[in-house]
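Here is what each chain is made of, one letter per residue.
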Amino acid sequence: MIEILATVNYWVTILLMMGGLYIVVAHGNMIKKLVGLGILQTSVYLLFLSPGKVLGGTAPIISEDFTVYSNPLPHVLILTAIVVGVATLALGMALVVRIHEAYGTIEDDEVHDLELDE
Amino acid sequence: MMRDTIILRVVVKLLLPAILLFALYVQFHGDYGPGGGFQAGVAAAAAIILYGMIFGISAARTVVPQRVLYMLIPLGVLIFAGTGVAGLLLGANFLDYSPLGSTAEAGQHLGILIVELGVFVTVSSSMLAIFYAFGGRAEDALAEEEPTDDGDRKGEIE
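Sequence order for the protein chains is A and B.
Residue numbers 1 to 118, in my numbering, belong to the letters of the first sequence in order.
Residue numbers 1001 to 1158, in my numbering, belong to the letters of the second sequence in order.
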């Protein structure tokens, strides 16, 4: 029980990652797929940030009062990942808008059927 | 659009200066504390996006015109890269800010401030450009279909 509580970040990571992946696979609606992708991305942020925490360490800002700092490297990496995530989301939404204009639907299987009919 | 809801309009007008001030605080506090150009840029863009959501995209487009955005996005990248090249010309490595000021610490302080300003400009204008591209689609399509309708819509915004 204590072990599970000590690694709660990683359990939440697994939960979010599997939940996001399930949404991407199971839902036909493309907006919902993008939401699932976003949740999956968030789990990766958590996975990277968790090992950067140093027990008893403060935020990585130089101060004479503190000597132990958390590792700032994962934060910088994830800051970049968040920006990339925004760009990916914008690209995905643009594709969904164009698909809606071309087919009149954003359901995966309906677009597939329309493609077969042509 | 919720342009007719008076509570939203008043609250947004009260919130806008607070959001912009907070964005500037995060921006200028970013060299010695938590914060920086990315967060401040998104916060500043959020203020304009909130304005656009309540008062309409075309009202936001008069505050920050789209062609200004298209100039600001590369301008931020130029500020960032220019600071790096400035260090290079003064005899240090690329993106080494030490020779920019009288002492090495003053130079680094100034350098990181200018670089964060570049990040701020690019991030905030990119976020706004994305918002205009998606949120303005309906109005753009309307304007293309009925060009005569333009005068009526301007009256509605005022």
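Rather than coming from a laboratory, the hints here were simulated on the basis of the structure.
Hints are supplied without guarantee of correctness; some may be wrong.
[As the list claims (entries may be wrong)] Just the calculated beta-carbon pair ranges, DEER-fashion:
#, chain 1, residue 1, chain 2, residue 2, range
1, A, I99, B, Y1025, 17 to 27 Å
2, B, R1067, A, A87, 19 to 29 Å
3, B, A1104, A, V68, 21 to 31 Å
4, B, L1090, A, M1, 40 to 50 Å
5, A, I99, B, G1091, 50 to 60 Å
6, B, V1077, A, V68, 28 to 38 Å
7, B, L1016, A, V68, 32 to 42 Å
8, A, L5, B, G1091, 47 to 57 Å
9, B, N1093, A, A81, 24 to 34 Å
[As the list claims (entries may be wrong)] Not close to chain B: a few residues of chain A, all C-beta gaps over 10 Å, as computed:
#, residue
10, A6
11, N9
12, T13
13, I39
14, S43
15, Y45
16, A59
17, I61
18, L77
19, A90
20, V97
21, Y103
22, T105
23, D108
Every value quoted in this text rests on a predicted model; they were computed, and no experiment measured them.
A virtual CB, placed ideally from N, CA and C, is assigned to each residue, including glycine.
(request) Please settle this one: A/D108 was flagged as non-interface, so is its CB more than 10 Å from every CB on chain B? (result) Answer for A/D108: holds, closest chain B Cβ roughly 21 Å.
(request) Please settle this one: A/Y45 was flagged as non-interface, so is its CB more than 10 Å from every CB on chain B? (result) Consistent with the label, A/Y45 stays out of reach of chain B, its closest Cβ about 14 Å off (over 10 Å).
(request) With 10 Å as the threshold, tell me whether A/A90 passes as away from chain B on beta-carbon distances. (result) The assertion about A/A90 is violated, with a minimum of 5 Å to chain B.
(request) Hint says 19 to 29 Å; check whether the CB-CB distance for B/R1067 and A/A87 agrees. (result) holds (22 Å)
(request) Determine whether the Cβ-Cβ distance between B/L1016 and A/V68 falls within the hinted range of 32 to 42 Å. (result) holds (40 Å)
(request) With 24 to 34 Å as the target window, see if B/N1093 and A/A81 comply at their CB atoms. (result) holds (27 Å)
(message) According to the definition I'm using, a residue is off the interface if its beta carbon is farther than 10 Å from all beta carbons of the partner; does A/L77 meet that for chain B?
(response) Its Cβ never comes within 10 Å of chain B, the nearest being 13 Å, so this holds.
(request) Hey, is A/I61 genuinely clear of chain B, shortest beta carbon separation above 10 Å? (result) violated (6 Å)
(request) Look at the Cβ atoms of A/L5 and B/G1091 and judge whether their distance stays inside 47 to 57 Å. (result) holds (55 Å)
(request) Verify that the Cβ of A/I39 lies farther than 10 Å from every Cβ atom of chain B, and report whether the claim holds or is violated. (result) Consistent with the label, A/I39 stays out of reach of chain B, its closest Cβ about 20 Å off (over 10 Å).
(request) Beyond 10 Å from every chain B Cβ: check whether that's true for A/A59. (result) violated (6 Å)
(message) Between the beta carbons of B/L1090 and A/M1, is the distance compatible with 40 to 50 Å?
(response) The hinted range 40 to 50 Å is violated for B/L1090 and A/M1, with Cβ atoms some 60 Å apart.
In summary, the numbered hints that this structure violates are 1, 4, 16, 17, 19 and 20.
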